Amino acid sequence: MEIKLKDFIKQGKIISFLNFSGSFEKLINNQKISYVLDNRKKYEKKVRDYFQETIFDFSESKFQDACKMVLLDPNVLEKSGISLSRTEYKRLQFVEALLNRSETILFQNFELGFYGKDRSYYQKLFLKLTKYGKCILCFTNDITFLFGMVSKFILFRENDYVLLDDFYQEEIYQYLEMPPIIAFIKKLNQNHIKLEPYIETKEVLKAIYRSVNSGDKL
Amino acid sequence: MKKKLQMKEVGISTDNQIIFDHFSYVLEHKKNVCLIGQTNIGKTLLLKAIADEVIYSGLIIKRNPCQFLFQILDLVGTIDELIHFQELTSEHQQLIFEYLKLTHLNYSYSELNLKFKLKVSILVKVLQFPTFFFVDDILQSFKTQEKVELLTLLQAFHITLFYVTSNIEDTLLFPYCIVMGKNGILMEGKTVNVLKQEKIMHKLGFSLPFIIDLSLQLKSYEMINDIFLNEQELIEQLWKSN
Numbered sequence: 138m139e140i141k142l143k144d145f146i147k148q149g150k151i152i153s154f155l156n157f158s159g160s161f162e163k164l165i166n167n168q169k170i171s172y173v174l175d176n177r178k179k180y181e182k183k184v185r186d187y188f189q190e191t192i193f194d195f196s197e198s199k200f201q202d203a204c205k206m207v208l209l210d211p212n213v214l215e216k217s218g219i220s221l222s223r224t225e226y227k228r229l230q231f232v233e234a235l236l237n238r239s240e241t242i243l244f245q246n247f248e249l250g251f252y253g254k255d256r257s258y259y260q261k262l263f264l265k266l267t268k269y270g271k272c273i274l275c276f277t278n279d280i281t282f283l284f285g286m287v288s289k290f291i292l293f294r295e296n297d298y299v300l301l302d303d304f305y306q307e308e309i310y311q312y313l314e315m316p317p318i319i320a321f322i323k324k325l326n327q328n329h330i331k332l333e334p335y336i337e338t339k340e341v342l343k344a345i346y347r348s349v350n351s352g353d354k355l
Numbered sequence: 567m568k569k570k571l572q573m574k575e576v577g578i579s580t581d582n583q584i585i586f587d588h589f590s591y592v593l594e595h596k597k598n599v600c601l602i603g604q605t606n607i608g609k610t611l612l613l614k615a616i617a618d619e620v621i622y623s624g625l626i627i628k629r630n631p632c633q634f635l636f637q638i639l640d641l642v643g644t645i646d647e648l649i650h651f652q653e654l655t656s657e658h659q660q661l662i663f664e665y666l667k668l669t670h671l672n673y674s675y676s677e678l679n680l681k682f683k684l685k686v687s688i689l690v691k692v693l694q695f696p697t698f699f700f701v702d703d704i705l706q707s708f709k710t711q712e713k714v715e716l717l718t719l720l721q722a723f724h725i726t727l728f729y730v731t732s733n734i735e736d737t738l739l740f741p742y743c744i745v746m747g748k749n750g751i752l753m754e755g756k757t758v759n760v761l762k763q764e765k766i767m768h769k770l771g772f773s774l775p776f777i778i779d780l781s782l783q784l785k786s787y788e789m790i791n792d793i794f795l796n797e798q799e800l801i802e803q804l805w806k807s808n
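Going line by line, the protein sequences match chains A and B. In terms of this note's numbering, the first sequence opens at residue 138 and continues consecutively. In terms of this note's numbering, the second sequence opens at residue 567 and continues consecutively.
Hints listed in this document are in silico derivations from the structure and should not be mistaken for laboratory results. Where hints are given, some of them may not hold.
Between beta-carbon pairs, the in silico distance windows are [unchecked claim]:
1) B:His595 to A:Ile219: 29 to 35 Å
2) A:Ser257 to B:Gln637: 24 to 30 Å
3) A:Asn176 to B:Val758: 33 to 39 Å
4) A:Ser257 to B:Ile627: 44 to 50 Å
5) B:Arg629 to A:Lys141: 54 to 60 Å
6) B:Asp646 to A:Gly159: 24 to 30 Å
Keep in mind it's a predicted model, so treat the numbers as computed, not measured. Where a beta carbon is used, it is the ideal one built from N, C-alpha and C, also for glycine.
With the hints as extra help, turn the sequences into a complete structure.
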């Protein structure tokens with residue numbers, strides 16, 4: 138399925154998309170959009186050469202600031218594109234988007250390859266960028282990356298898509314892996330222990346404490 | 567002689583920068599291992615060193631066949647052509663049919679969705695009958711059940727999996743876990759024992775699998791006495807003992 142991105146762009150918002158496997162229709166008109174994709178089709182030459190040729194008004198200090206923001210070692214400038222790791226490659230595209238002052242940044246499976254602490258950092262960074270009026274288009278298959286970041290998201294089905302606002306909606310898990318925290322709460326409900334649809338472990342812990350101490354039984 | 571792969575003091579530098587060094591480990595046959603590590607610690611590079619795709623220091627002794635999967639393969643032809651189905655024993659044919667869950671094998675690879683391309687890519691490697699199979703963080707599109715099915719398939723083919731992942735939940739599918747650091751292995755052992763090192767894991771910036779995290783916290787409040795990997799058992803422990 139091909140989608141018209143311009144239909145989704147809202148400045149200062151994170152728009153999330155789950156289970157998308159089609160192609161992105163290039164934006165026309167004057168919308169400024171940058172892509173941070175999970176592939177290696179961009180930096181074939183030395184990173185410095187690419188940035189100096191491509192970025193208008195390139196400055197090393199701005200490059201370093203952008204690197205700091207996306208947790209990328211600025212020494213990447215002296216590397217060749219082919220020697221970059223998967224996560225360096227994505228972060229470098231992120232840097233490029235920031236240097237281009239793109240109003241909209243599209244991320245495809247950005248969280249893949251990052252571990253716990255980094256994932257949390259990028260969630261906060263996405264939210265911060267929206268405060269500066271940026272639109273973040275976040276395409277992912279990992280619903281846990283959306284926890285705490287958005288309350289509504291778009292789920293792609295076989296031939297269409299639907300806007301949802303509940304991480305516990307069964308339909309999602311016809312397509313995606315159910316996060317263990319959701320599986321656990323659903324299993325509790327099957328066992329007639331009613332807990333709210335939490336998405337944070339500490340909330341589940343408190344709810345268990347309350348339930349056990351109030352004498353709930355299976 | 568026991569089948570194994572030895573890594574001694576392996577290190578890699580790129581662009582005059584040390585990525586990691588002092589990585590030593592003996593991978594044994596029939597002992598699947600999961601490798602985790604911080605972002606950019608060199609996990610993929612380690613696999614590439616074992617595959618002789620990058621220059622490394624130290625020693626890697628490989629006496630048994632190895633296969634590597636870094637990304638979905640770019641293949642041409644039908645599934646039947648790619649996996650030479652007719653040349654396989656009936657037992658292997660059946661295993662592959664069960665794994666693929668397809669009624670026939672004349673689908674063109676290019677028309678498959680990403681998940682099936684990945685499955686076929688895996689099969690192409692598996693049917694080289696390696697002793698050790700190294701897979702780099704590419705199973706994200708698989709549901710847990712599909713990962714379990716892969717492990718079952720590999721076991722049936724007597725293939726040992728060395729899997730690199732950034733998904734902490736994946737570690738629970740493996741009996742043994744290694745945490746890689748800049749100066750070699752930071753922690754290794756039975757997966758549950760590694761994950762139980764809550765303070766160290768958090769200090770390194772790792773989150774914990776949900777069931778382990780919850781168990782550890784419930785244990786700290788003295789609501790349970792042990793770590794549970796099975797959610798139903800945890801539920802019964804909490805509410806039946808009440």
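### Hints violated by the structure (listed by number, smallest first)
4
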